[in-house]
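S.K.: Spelled out, the chains give:
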Amino acid sequence: MNDPSFAYFPRRLCALLLASGLAVTAHAQTAAVPELQRAEQAVVKAQRADADHYAPDLLELARQTLVQAQTAALSSSRRERREAAPLALRAEADADLARVRSELAQVEAAVQARRNEVDELRQRLGLATEGAR
Amino acid sequence: MSRRFPCVRAGLLGLALLVAVPAPAADDPDVLRLQARLEALQADPDVARLAPFEQMQAREALAALAAARRAARPEALYLAERRVEIAELAVRTEAARQELARLDQRRTELLLEASRREAEEARREAERLRIQAQIQAEEAERLRLAAEAEAAARTEAEQALGKAASRQSAQLSAARRKEAELARQEAELVSGKKLPPARFDGQSEVFTLPGSAYAAGKGALSASGKDAAAALAAYLQINTRNVRVQAWSQDAKLAQARAQALREALVQAGVPAARIKAEGRSGPASAQRAAEVVVAP
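Those protein sequences? They're chains A and B, same order as listed. Everything in the first sequence is counted per our numbering, starting at 285 for the first residue and increasing by one. Everything in the second sequence is counted per our numbering, starting at 8 for the first residue and increasing by one.
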């Protein structure tokens, strides 16, 4: 009926215990590891940069590593939880590299297309083709 | 959430302290190799200021590698490798973006130039067609004017010719009449007789003898006829053209006799017989006209 067992707990401690209870949710756990958040954002950015098309293997690696990091963060083992941050850093680096590769491939393709267009225009106008710069 | 930041900060501080540990291997070949790659980026002034964030991340990762403890080293090396490559690619990406912007601008300029040339070409073509049309119009006008001028010239020439001819003939005729007039006056003076009335029929001068010039019903000349013949003979000696004598009568023999009589009279008065032809015409003689002496033009 009454809760005498908790009555002597300071309010602060109650709050802490409550927080620990909530911490089992994945969101709370990833929020607890800022590297995980950054890695997630890096993967999203890489996806938006179309890395699935231009660097599929590397993006896949980043996703797998991110899942490992998330799993580690949720682990009950403290040693495994410690692994979460370095794994997240790896995933972030892989995702960043996938994004940059994808961006470079797209920009280079655009440059090539534009260069061809310019050359064609120059030819049509009877101008000398521009030297490679 | 805000409650956790102190923990995060503490964690980061710890990490920073870890990184801050003096580098165990300053001459680590991996660090040197990656360092060289980063320095290569810095060596090119065009590239040095590109992707500054990625270059900074790479330098930080490299510092972390240099400072990593033995156990953390493989992880730090992996990250440093990645970050250096990311920096290199990001630099290339930004350079390529700049190149793309330059090419875009160039393309715009060229498109502008192309459309300018097309407009110029169209303008030139229109001008060429306009000139061609003008040349054709001018040619047609020239031909029309030439045809008109030719027609006008022909008309003018014809008119001039006609005028000249009529003037000439008029002048000739006037001269001839004047000459005849003078000859007649002279003949009347020389013969002392009156010439019968004369007229011009075309270019021929025609003297008309009245019915009284002949004896009635006879072929012989009357006294007035003889006077007229004398005056005519004098005239025909001045005006030495050929002469045709013709007399009229219902009776062909009488007509011939009368013509002959007049001819004889002229010949006797001194006109050479060869110049005179006589012919009788069957037709009624009148009081005004019994015979005619036609002086050839």
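Please note: incorrect hints may appear among the correct ones.
Unchecked claim - Only part of the chain A face toward chain B is listed, based on derived beta-carbon distances under 7 Å: (1) Val-328; (2) Leu-345; (3) Leu-358; (4) Pro-370; (5) Leu-373; (6) Ala-377; (7) Asp-380; (8) Leu-381; (9) Glu-392; (10) Ala-394; (11) Arg-398; (12) Glu-401; (13) Leu-409.
The set of hints was computed from the structure by calculation and includes no laboratory data. Every residue gets a Cβ at the ideal spot worked out from N, C-alpha and C, and that includes glycine.
S.K.: Each of the hints needs a verdict: does it hold here or not?
M.R.: Against the structure, the hints come out as follows:
{"no.": "1", "hint": "Val-328", "verdict": "violated, 17 Å"}
{"no.": "2", "hint": "Leu-345", "verdict": "violated, 11 Å"}
{"no.": "3", "hint": "Leu-358", "verdict": "violated, 17 Å"}
{"no.": "4", "hint": "Pro-370", "verdict": "holds, 5 Å"}
{"no.": "5", "hint": "Leu-373", "verdict": "holds, 6 Å"}
{"no.": "6", "hint": "Ala-377", "verdict": "holds, 4 Å"}
{"no.": "7", "hint": "Asp-380", "verdict": "holds, 5 Å"}
{"no.": "8", "hint": "Leu-381", "verdict": "holds, 5 Å"}
{"no.": "9", "hint": "Glu-392", "verdict": "holds, 5 Å"}
{"no.": "10", "hint": "Ala-394", "verdict": "holds, 6 Å"}
{"no.": "11", "hint": "Arg-398", "verdict": "holds, 4 Å"}
{"no.": "12", "hint": "Glu-401", "verdict": "holds, 6 Å"}
{"no.": "13", "hint": "Leu-409", "verdict": "holds, 6 Å"}
Of the numbered hints given earlier, the model fails hints 1, 2 and 3; all others are met.
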